[in-house]
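Trainee: Chains as they are written, first to last, in the numbering used here: chain A, 1 to 303; chain B, 1 to 303.
Hints may contain errors.
Which copy is meant is left open, so a pair is good if it fits within one copy or across any two.
[What the hints assert, rightly or not] When the alpha-carbon atoms are kept at most 20 Å apart in a straight line, the in silico SDA-like pairs for lysine to any residue are as follows:
| hint | residue 1 | residue 2 |
| --- | --- | --- |
| 1 | Lys104 | Asn116 |
| 2 | Lys158 | Arg141 |
| 3 | Lys84 | His6 |
| 4 | Lys158 | Glu57 |
| 5 | Lys216 | Phe185 |
| 6 | Lys158 | Glu24 |
| 7 | Lys5 | Glu80 |
| 8 | Lys104 | Asp128 |
| 9 | Lys84 | Phe49 |
| 10 | Lys84 | Gln74 |
| 11 | Lys84 | Gln39 |
| 12 | Lys5 | Gln39 |
| 13 | Lys158 | Leu26 |
| 14 | Lys158 | Arg277 |
| 15 | Lys5 | Ser77 |
| 16 | Lys216 | Pro186 |
| 17 | Lys158 | Arg15 |
| 18 | Lys104 | Phe224 |
| 19 | Lys5 | Leu26 |
| 20 | Lys5 | Gln74 |
| 21 | Lys104 | Arg132 |
| 22 | Lys104 | Arg149 |
| 23 | Lys216 | Asp187 |
| 24 | Lys158 | Phe73 |
| 25 | Lys5 | Glu71 |
| 26 | Lys5 | Arg43 |
| 27 | Lys84 | Ser67 |
| 28 | Lys5 | Thr75 |
| 29 | Lys84 | Arg43 |
| 30 | Lys5 | Phe73 |
Honestly, the hints are just simulated from the structure, not real lab data.
Protein chains: 2
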Amino acid sequence: MLNFKHLHYFASVARAGGVIRAAERLHLTPQTLSGQIAQFEERLGVALFDRVGRRLELTEAGRLALSYAEEIFQTGSELEDLLKNGADQRFITFRVGIADVVPKFIAHRLLAPVLNLAEPVRLVCEEDRLDRLLAELALHRLDMVLADRPMPPGTDIKGYSHPLGETGVAFMAAPALAARLTGSFPDCLDGAPLLLPGRDSALHGTLPRWLERQGKRAHIVGEFDDSALMKVFGEAGAGAFPTPAASVADVTAHYQVVSLGETDEIRERFFLISAERRLAHPAARAVSEHARSGLFAQTEKSN
Amino acid sequence: MLNFKHLHYFASVARAGGVIRAAERLHLTPQTLSGQIAQFEERLGVALFDRVGRRLELTEAGRLALSYAEEIFQTGSELEDLLKNGADQRFITFRVGIADVVPKFIAHRLLAPVLNLAEPVRLVCEEDRLDRLLAELALHRLDMVLADRPMPPGTDIKGYSHPLGETGVAFMAAPALAARLTGSFPDCLDGAPLLLPGRDSALHGTLPRWLERQGKRAHIVGEFDDSALMKVFGEAGAGAFPTPAASVADVTAHYQVVSLGETDEIRERFFLISAERRLAHPAARAVSEHARSGLFAQTEKSN
DNA sequence: GCTTGCTGTTCGCGATTTTCGAACAAAGAG
DNA sequence: CTCTTTGTTCGAAAATCGCGAACAGCAAGC
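Full structure from sequences and hints, please.
Mentor: Here it is as structure tokens:
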């Protein structure tokens with residue numbers, strides 16, 4: 001483990017250009033700094049200074065260390081400043097990672113309770129691929145992640161999945177395309193152009209298998225990492241596309257598309273993934289509780 | 001000054017979710033961590049944990065501190081890794097900031113000796129406005145800065161200027177434009193369309209004043225922060241433009257332009273700016289020594 | 001030459017900080 | 001209620017840190 005006190009002394013000496021000037025600034029004595037730096041170098045196994053004449057000159061390793069040290073102490077003092085001055089913030093921030101494949105309307109519905117809490121919350125959303133979000137979660141740069149699958153077991157990243165609910169899948173299409181598709185659902189999907197969620201999505205594998213079981217030919221014309229982009233293509237008539245049954249009302253309200261029909265044989269599930277087993281963040285608890293209290297059931301009924 | 005040992009213990013407890021589990025991982029006892037964290041909180045004046053039941057939960061300030069701590073210790077261990085494993089790098093890196101206004105050919109000529117040193121050097125160049133480069137120099141993210149002026153005295157950033165040499169100024173123009181300009185130099189500049197280095201450049205002020213002293217009308221059609229962009233416009237016939245006399249050969253070799261003439265009454269000077277008074281970096285010393293040994297005088301002769 | 005003043009360094013002791021053993025209080029599980 | 005597990009308080013031991021004294025080497029001035 002790196003000794004940050006040593007690093008601090010080293011950086012001070014490097015900046016000041018000598019142990020004596022550094023000692024004055026730090027209100028210490030030269031021999032202290034000299035000794036601590038020698039100790040630091042020995043512990044690292046690398047010389048940080050070249051002793052040339054009666055002068056200290058940075059080695060290449062020293063330059064590297066100095067640039068890192070500057071960065072470290074800068075973020076450190078930034079933190080100190082925030083804690084000492086801005087600690088009595090009225091806002092608590094809630095950083096959520098949202099997997100691309102989670103439809104925006106679902107994400108909004110899941111997160112809506114956050115903004116209605118008694119204590120004001122600043123919601124910070126970030127969308128990306130699930131694996132990258134989980135990496136950020138592990139570094140505590142995110143408070144939670146929304147995904148369409150539980151924590152993948154293979155990774156060595158630790159995280160805990162909390163199911164939020166599930167819903168059937170509806171198929172939507174632009175009106176012009178819908179008119180061309182013959183037969184009732186799900187027969188109308190046979191051979192129809194289809195847009196598929198990307199490889200990262202849970203539906204990516206299950207949906208084609210379901211079509212096959214139904215004896216329908218899959219004609220996949222596109223795959224999309226981002227569900228909103230998929231909807232835009234769908235609206236333009238590129239193909240029919242799946243969407244959570246719970247968000248059909250939202251989708252028809254925002255896009256010029258109609259529902260072809262719904263099935264409960266494919267289930268789309270949503271999960272909250274957190275770094276700790278217990279949900280520590282009040283906003284995360286609100287999300288979990290609201291979702292469990294029949295959020296999807298209600299909305300399916302109301303549609 | 002932030003206590004990084006305290007911060008480390010705090011982060012460990014927050015990650016582990018309790019003092020006991022954290023104590024096991026750190027090979028310490030719970031009471032040590034408990035005491036150190038209490039001390040840390042008191043020193044900061046902020047509660048990092050909420051004691052709810054027999055459980056520790058992060059406060060909002062704690063979450064903030066944790067995310068900063070993660071970043072700090074990650075860069076710290078990155079540094080440690082680099083120093084311990086990659087310390088015997090065969091390359092030493094040399095990070096140079098180049099003010100936009102410094103012509104590329106001049107920068108190249110000044111930096112060329114760096115790549116011919118006995119010890120191999122990895123040259124990292126960054127171009128930006130001088131003030132931003134000086135800020136980076138102060139943070140030791142750059143080893144030196146090349147500029148067309150010495151260290152500006154007004155700023156509180158500290159840095160030391162080392163003159164590298166000076167040269168007269170030549171005026172260049174596209175052949176078609178040059179043909180239209182009547183009279184010999186400098187008369188031909190009277191009323192001619194002129195491209196000017198940007199506000200950041202030393203020439204920006206001196207060149208119009210020189211024209212005025214010559215009794216020539218200045219007809220400035222454009223200002224450019226980046227000298228290469230100015231040359232491209234000049235090549236297209238937008239106007240005549242100044243360039244260091246020492247780089248006329250380079251410019252005519254790379255752009256379809258001709259020299260209108262040169263003057264020594266405007267001097268363009270170039271400086272090396274470093275964070276320390278003495279040039280510590282071997283590559284920086286090489287730059288300074290090569291430049292001082294008549295780099296510009298020779299090239300002016302050879303042109 | 002020699003001296004003076006400056007650099008960084010080594011040594012050992014005292015002061016401070018850190019850590020732990022012991023004991024305690026309180027919350028949850030059975 | 002009892003037992004386990006949690007975090008905490010207290011004092012004394014242990015490690016670390018920082019200083020005074022003395023030393024070694026370089027550079028400039030007499």
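Trainee: I want to check one pair: Lys158 and Arg141. Are their C-alpha atoms no more than 20 Å apart within a copy, between two copies, both, or neither?
Mentor: within (14 Å within a copy, 34 Å between copies)
Trainee: Under a CA distance limit of 20 Å, which applies to Lys5 and Arg43: within one copy, between copies, both, or neither?
Mentor: both (13 Å within a copy, 17 Å between copies)
Trainee: One pair to classify: Lys5 and Phe73, alpha carbons no more than 20 Å apart. Within, between, both, or neither?
Mentor: For Lys5 and Phe73, both the intra-copy (11 Å) and inter-copy (13 Å) Cα distances are at most 20 Å.
Trainee: At most 20 Å between CA atoms: does that hold for Lys104 and Arg132 within a copy, between copies, both, or neither?
Mentor: Within one copy, since 19 Å is at most 20 Å while 39 Å is not.
Trainee: When no copy is specified for Lys158 and Arg15, does a C-alpha distance of 20 Å or less occur within a copy, between copies, both, or neither?
Mentor: Answer is between: at 11 Å across copies they meet the 20 Å cutoff, but 40 Å inside does not.
Trainee: Should Lys158 paired with Phe73 be assigned to within, between, both, or neither, using CA atoms and 20 Å as the limit?
Mentor: For Lys158 and Phe73, only the inter-copy Cα distance (19 Å) is at most 20 Å; the intra-copy one is 29 Å.
Trainee: Should Lys5 paired with Ser77 be assigned to within, between, both, or neither, using CA atoms and 20 Å as the limit?
Mentor: both (14 Å within a copy, 14 Å between copies)
Trainee: For the identical chains here, do Lys104 and Arg149 meet the 20 Å Cα criterion within one copy, between copies, both, or neither?
Mentor: within (16 Å within a copy, 53 Å between copies)
Trainee: Could you figure out if Lys216 and Pro186 sit no more than 20 Å apart (CA to CA) within one copy, between two copies, both or neither?
Mentor: within (9 Å within a copy, 83 Å between copies)
Trainee: With identical chains treated as interchangeable, where does the CA-CA distance between Lys84 and Arg43 reach 20 Å or less: within a copy, between copies, both, or neither?
Mentor: between (33 Å within a copy, 10 Å between copies)
Trainee: Please work out whether the CA atoms of Lys5 and Leu26 approach to 20 Å or closer within one copy, between two copies, in both situations, or in neither?
Mentor: Result: close both inside a copy and across copies, 12 Å intra and 18 Å inter.
Trainee: For the identical chains here, do Lys5 and Thr75 meet the 20 Å Cα criterion within one copy, between copies, both, or neither?
Mentor: So Lys5 and Thr75 pass the 20 Å test inside a copy (15 Å) and across (15 Å) alike.
Violated hints for the displayed structure: none, as all numbered hints are satisfied.
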